[in-house]
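With these hints in hand, go ahead and build the complete structure from the sequences.
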Amino acid sequence: MRLDSSTLWLTMAGIGAGTFLIRFSFIWLLGRGQVRPAVQRVLRFVPASVLSALILPSFVLPQHAAFSLGNERMWAGLIAAIVAWRTRNVLLTIGAGMAALWVLTNA
Amino acid sequence: MSSPKRAFAAGARDISPIILGVIPFALIAGISAVGVGLSELEALGMSYIVFAGASQLAAVDLVGRHAPVAVIVLTALVINLRFCMYSASLAPHFHGLPLHWRAPLAYLLTDQAYAISITAFGNGRMRHKHWYYLGAAMTMWVTWQTGTAAGVFLGAAIPKSWSLDFAIPLTFLALLFPAIKDRPSLVAAASAGALALAGHGLPYNLGLFLAALGGIGAGALADGGKHHAP
Chain A
1 MRLDSSTLWL
11 TMAGIGAGTF
21 LIRFSFIWLL
31 GRGQVRPAVQ
41 RVLRFVPASV
51 LSALILPSFV
61 LPQHAAFSLG
71 NERMWAGLIA
81 AIVAWRTRNV
91 LLTIGAGMAA
101 LWVLTNA
Chain B
1001 MSSPKRAFAA
1011 GARDISPIIL
1021 GVIPFALIAG
1031 ISAVGVGLSE
1041 LEALGMSYIV
1051 FAGASQLAAV
1061 DLVGRHAPVA
1071 VIVLTALVIN
1081 LRFCMYSASL
1091 APHFHGLPLH
1101 WRAPLAYLLT
1111 DQAYAISITA
1121 FGNGRMRHKH
1131 WYYLGAAMTM
1141 WVTWQTGTAA
1151 GVFLGAAIPK
1161 SWSLDFAIPL
1171 TFLALLFPAI
1181 KDRPSLVAAA
1191 SAGALALAGH
1201 GLPYNLGLFL
1211 AALGGIGAGA
1221 LADGGKHHAP
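Line order of the protein sequences matches chains A and B.
Each residue of the first sequence is one higher than the one before, starting from 1 at the first, in our numbering.
Each residue of the second sequence is one higher than the one before, starting from 1001 at the first, in our numbering.
Honestly, the hints are just simulated from the structure, not real lab data.
Hints should not be assumed to be uniformly reliable.
Stated by the list, open to error - Simulated restraints on C-beta separations:
hint, chain 1, residue 1, chain 2, residue 2, range
1, B, C1084, A, W85, 25 to 33 Å
2, B, H1095, A, F67, 41 to 49 Å
3, A, I82, B, L1202, 27 to 35 Å
Said to hold, decoys possible - If you want the ones that stay clear, here's a sample from chain B, every Cβ over 12 Å from chain A, calculated:
hint, residue
4, P1004
5, K1005
6, A1009
7, A1010
8, A1012
9, A1067
10, L1074
11, R1102
12, H1128
13, W1131
14, M1138
15, V1142
16, T1143
17, L1154
Predicted model only: the values in this text are computed from it and were never measured.
Beta carbons: idealized from backbone N, C-alpha and C, even for Gly.
Right, dumping it as structure tokens:
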């Protein structure tokens, strides 16, 4: 038996309200102020860090599986990484990665 | 960027290539919500209220596994803690805007809108930054809601063997390389990636958040010497 409908809506409202507050946090508080240069120097590492932390487990340990050299997603990810590095092109990167995964999975 | 309209159009145009990678994710978010027993209205409501893909997928997964409400909410919020860092990073660019602007801009904050905007804002001075961001973020929002709705109504017609979920890390990958501009940012990315692998088994998806913090710290350390007062 899944959650009853009113509990589910309350759950979603909780996630929605909390997520909005997280998103609003600094945009709200610092809207009238300035972020100090020292903070800005640290914040410039946010994109590289977050993106890398999102990507690596999806390639190396997909679907919570253990590390394996037979993991097609790791090799497809590696091929896509080379394409991304050489071309800096979003569509080519996605295309190369998806094509590599399909070829490796169906080979 | 001479007018608000042009800035809005530029944002919408710049985010468009990325959005191709989002469509499969949105479809999967819709399909999986209906798959665990949410009604069509509930599945659509989730997408409008939360509007954050990874946390929506995690929440749906936990609903399907009969997790307690507190765990569902906490897990989703931990996944979304990264928005706090985006919020801090964007705040100076929205400096001086009234609250009725900043609140909707905050609701529309996503990985994609952040990545595109912060890249554009970094390339010298730009006027109408909030219009550029709004163009990118609204395009993302419309795509996400349309994709989720399509997923909800198409149901599970798309075979799992297509591995469409793989388009998501590929999208982030294409954004990662432009973000690596120098040695300290390379150190940040490498450390965060290694920490994310090491912390993969941590509960509540804490691994991602801690890895990001660790990467930022490592980047700042690598950068350290250069910026200290002479």
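Status of the hints after comparison with the structure:
The beta-carbon spacing between B/C1084 and A/W85, approximately 29 Å, falls within the hinted interval of 25 to 33 Å. B/H1095 and A/F67 have their C-beta atoms about 45 Å apart, which keeps the hinted 41 to 49 Å range intact. Taking 27 to 35 Å as the suggested C-beta distance range, the pair A/I82 and B/L1202 conforms, at roughly 30 Å. B/P1004, annotated as away from the interface, keeps every beta carbon of chain A farther than 12 Å; the closest lies near 19 Å.
Interface exclusion of B/K1005 from chain A stands, the closest Cβ pair being 23 Å apart, more than 12 Å. Residue placement check: B/A1009 keeps its beta carbon more than 12 Å from all beta carbons of chain A (closest about 19 Å). Chain A leaves B/A1010 outside its interface by the beta-carbon criterion, the shortest separation being 16 Å against a cut-off of 12 Å. Every Cβ of chain A is farther than 12 Å from the Cβ of B/A1012; the closest lies at roughly 15 Å, confirming the non-interface assignment.
Not every Cβ of chain A is farther than 12 Å from the Cβ of B/A1067; the closest lies at roughly 10 Å, contradicting the non-interface assignment. With a least beta-carbon separation of about 9 Å from chain A, B/L1074 fails to lie farther than 12 Å from that chain, contradicting its non-interface assignment. Chain A draws B/R1102 into its interface by the beta-carbon criterion, the shortest separation being 5 Å against a cut-off of 12 Å. The non-interface label for B/H1128 is consistent with chain A: the shortest C-beta to C-beta separation is roughly 17 Å, beyond 12 Å.
The non-interface label for B/W1131 is consistent with chain A: the shortest C-beta to C-beta separation is roughly 16 Å, beyond 12 Å. At roughly 15 Å from the closest C-beta of chain A, the C-beta of B/M1138 stays outside 12 Å, upholding its exclusion from the interface. Against chain A, the non-interface label of B/V1142 holds: every CB pair exceeds 12 Å, the least being about 18 Å. No Cβ of chain A approaches the Cβ of B/T1143 within 12 Å, the least distance being about 14 Å, so the stated non-interface status holds.
Distance check on B/L1154: its Cβ is at least 20 Å (rounded) from any Cβ of chain A, clearing the 12 Å threshold; non-interface status holds.
When each numbered hint is compared with the structure, violations occur for hints 9, 10 and 11.
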